[in-house]
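Peer 1: This is what each chain is made of:
Number of protein chains: 2
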Amino acid sequence: MLRIKSGKRIYEGVEVQSYDPSLIVIKLNNGYNIGFRRDKVEIERLEDTDGGMQKREREAIGGTYDVSILGTGGTIASYVDYSTGAVHPARSTSELLRFMPEIKSIARVGARVLFSVFSENMRCEHWKRIAQEVKEELDAGAKGVVVTHGTDTLCYTASALAFMLPQIGGPVVLTGAQRSTDRPSSDGFLNLMASTRLALTDLGEVTIAMHAGSSDDSVAVHRATRTRKMHTSARSAFQTIGSAPLGYVRNDGIELTEHRKKADETVIDARMDEGVTLLYFYPGMRTEILDAVTERSSGVVIAGTGLGHVSDDLIESIEACGKPVCIVSQCINGSTNLNVYATGRKLLNAGAIPCADMLPETACVKLMWVLGHTKDRDEVAGLMQRNIAGEICDRRSL
Amino acid sequence: MLRIKSGKRIYEGVEVQSYDPSLIVIKLNNGYNIGFRRDKVEIERLEDTDGGMQKREREAIGGTYDVSILGTGGTIASYVDYSTGAVHPARSTSELLRFMPEIKSIARVGARVLFSVFSENMRCEHWKRIAQEVKEELDAGAKGVVVTHGTDTLCYTASALAFMLPQIGGPVVLTGAQRSTDRPSSDGFLNLMASTRLALTDLGEVTIAMHAGSSDDSVAVHRATRTRKMHTSARSAFQTIGSAPLGYVRNDGIELTEHRKKADETVIDARMDEGVTLLYFYPGMRTEILDAVTERSSGVVIAGTGLGHVSDDLIESIEACGKPVCIVSQCINGSTNLNVYATGRKLLNAGAIPCADMLPETACVKLMWVLGHTKDRDEVAGLMQRNIAGEICDRRSL
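Those protein sequence lines, which keep their order, are chains R and C. Take the first sequence: its position 51, counted from the start at 1, is 437 in this note's numbering, and no numbers get skipped. Take the second sequence: its position 137, counted from the start at 1, is 523 in this note's numbering, and no numbers get skipped.
Just so you know, the hints here were simulated from the structure itself, not pulled from any lab data. Check each hint, because a few of them may be wrong.
No copy labels: a pair is met if it fits in one copy or bridges any two.
[Claimed, not checked] In silico DMTMM-like cross-links for lysine to aspartate or glutamate, where the CA-CA straight-line distance does not exceed 25 angstroms: (1) K514 with E674; (2) K514 with D699; (3) K514 with D698; (4) K529 with D603; (5) K732 with E511.
The shape of chain R in the complex, shown without the other chains (with noise of 0.2 angstroms):
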């Protein structure tokens, strides 16, 4: 902690590599960078109250805390190393928390790294992990959970977090950053903020929380099977698909529609089948490909076009493959109806599970879960229309 004398200003902060060396740069509380003229400004180091804060923090884990931070890796918990320009993950949750002193005005936080890995390095053994470690965290007294995460696979995380606890003792937040922290337009300061607040609340269901883009101070919580990452780098990317988000996290309060609420006990049900596949329909998707992605999968998920359709020279082997074979639509809005065109139709006679209005990620995420119950295509078929997590909004073409 660093306090600087400018002029007759003064600004205290955490300080922040600088990409140049005769300037000095902070994070002030609010989350924004400030930098400075070395030789233009009287700086004096706090050393006790970035001490504090981690002794804090080693306290609350050893001791009892309200909010327990999980972290898996992503930019939240990166830096960007300005001589090569490159972004590294932090070394742990508590130099990710010296950015934000602000934080243990909200609550006792206690933070752990389960892993560092970029988020498209994610897979079943990471979600199986994850959802345990919560369940502990839960069980030991922890109010609410955060998993810091990158952004780049976080929603089929969550989608399988919400599969795998399907009873939860307190909130499980995921949040991430589009903008690693070190950057002034950083999200992760304000997405970490509003998700340990969001963890204190009654919220019985695994939602993500994410910049909503719309002002500086407005997190969206999103529900964690209705949730797709729309752009690749803007901090409002995450939206919520087929309604409006569950709610809002702002400096004046947090704002929640109708929601789940938090059950007395966490109930882990984490069996998965790896061995699902998503596929996209493209006009002249040739039958090969299907029979080849079919022959090495124990089911599929095809995003079909419009309304959930296929070419008909695919159908055969749809009906063929012996495996279960779920319909979703690429268009991303709106529901699957096999009943309106002879397409859908011969998809439906061919066995085919039509999804609703399921997102592709989510379909792939509760197939591998369903999967992991039972091989029963009827059984198969059964829980893929019921709505379990929240991920089907739009009854009416079931």
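We have chain R already, so just place chain C on it with the hints.
Peer 2: Just chain C now, kept in the frame of chain R:
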């Protein structure tokens, strides 16, 4: 054409099939349907207008006309059989135009059915046939061409035409209907009227004209290669991604932003390689799946997560496969950038070709076209990264 006297009011329109024999339903000139109890109204059959329309259409086909409408199938040329509830293709384009007598006030129209297929069954051979017919129509003197098409794969066909027709002698407008033309809420009437008007402008690009959704008289004009069907059933499903639409057709006029002007001659270059596969990455995608696909493909487009990432364990397969592997983002919005994270840089080292902000579906069609011209890896990369038909908005990442 019928004239119906109900009390003191008189309505004129084309008869549409009624689900209830006691009702008579007509489609008014404004596109809306209205139903009457047969025993409460006076019905007069106006043979002349409808016959005149069909006669003029025949004449136009034999002689000269300004706008050529080429039918390929889809909902816009379909009707609902009220006895079964199923949607059937119209038997001819004249049957379709019969419902739209107002079109003759816009232009001298010639109409032809090329084929009648659900658009999910379209493939390269259909795209080539349409491109050839478009060129023939423009060469023969048509000022513009409207292609009616099923909405499911309309954007893929539009992209294909944009690459296959590098220079056009008049507007080429693709349009369709999300709801069949005998439904009161059909968008087919509005879309075809607007497309016909657009076909008389100086537009030298392949475009898509579909209901804008904002008001009932507004049709958005989209650039072929930047459009995505973003809803399964809404009339405003078609959206330009990454920028505003190219313009709008409204009752009071046509408004277009900067666009390529029509050329003196139409050039066709329709060589395609159908061996391209489009894959969306998901967490845990197995190398076995990717290998099976690359072995069976002449090139692959991978829609990665975020800035264009896949899991580390797939990268060796990408390097070893010896086929061009193009990278786009499954986020739909925003641009790929393989220079920010380690995964991206590994992908670049493995020879993957980042495609800026190109849409996954457009990249798939473009790679078919590029591989129809060269198999040389560097030439493929060069062409994929060159903006040929407006498919790249954001060049920062290249």
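Peer 1: A separate judgement is required for each hint: does it hold in the structure or not?
Peer 2: To see whether the hints hold, each was checked on the structure:
1. K514 with E674: Cα proximity of K514 and E674: across copies only (23 angstroms, versus 34 angstroms in one copy).
2. K514 with D699: between (38 angstroms within a copy, 20 angstroms between copies)
3. K514 with D698: For K514 and D698, the Cα distance is within 25 angstroms only across copies (20 angstroms; inside one copy 39 angstroms).
4. K529 with D603: within (24 angstroms within a copy, 53 angstroms between copies)
5. K732 with E511: between (37 angstroms within a copy, 23 angstroms between copies)
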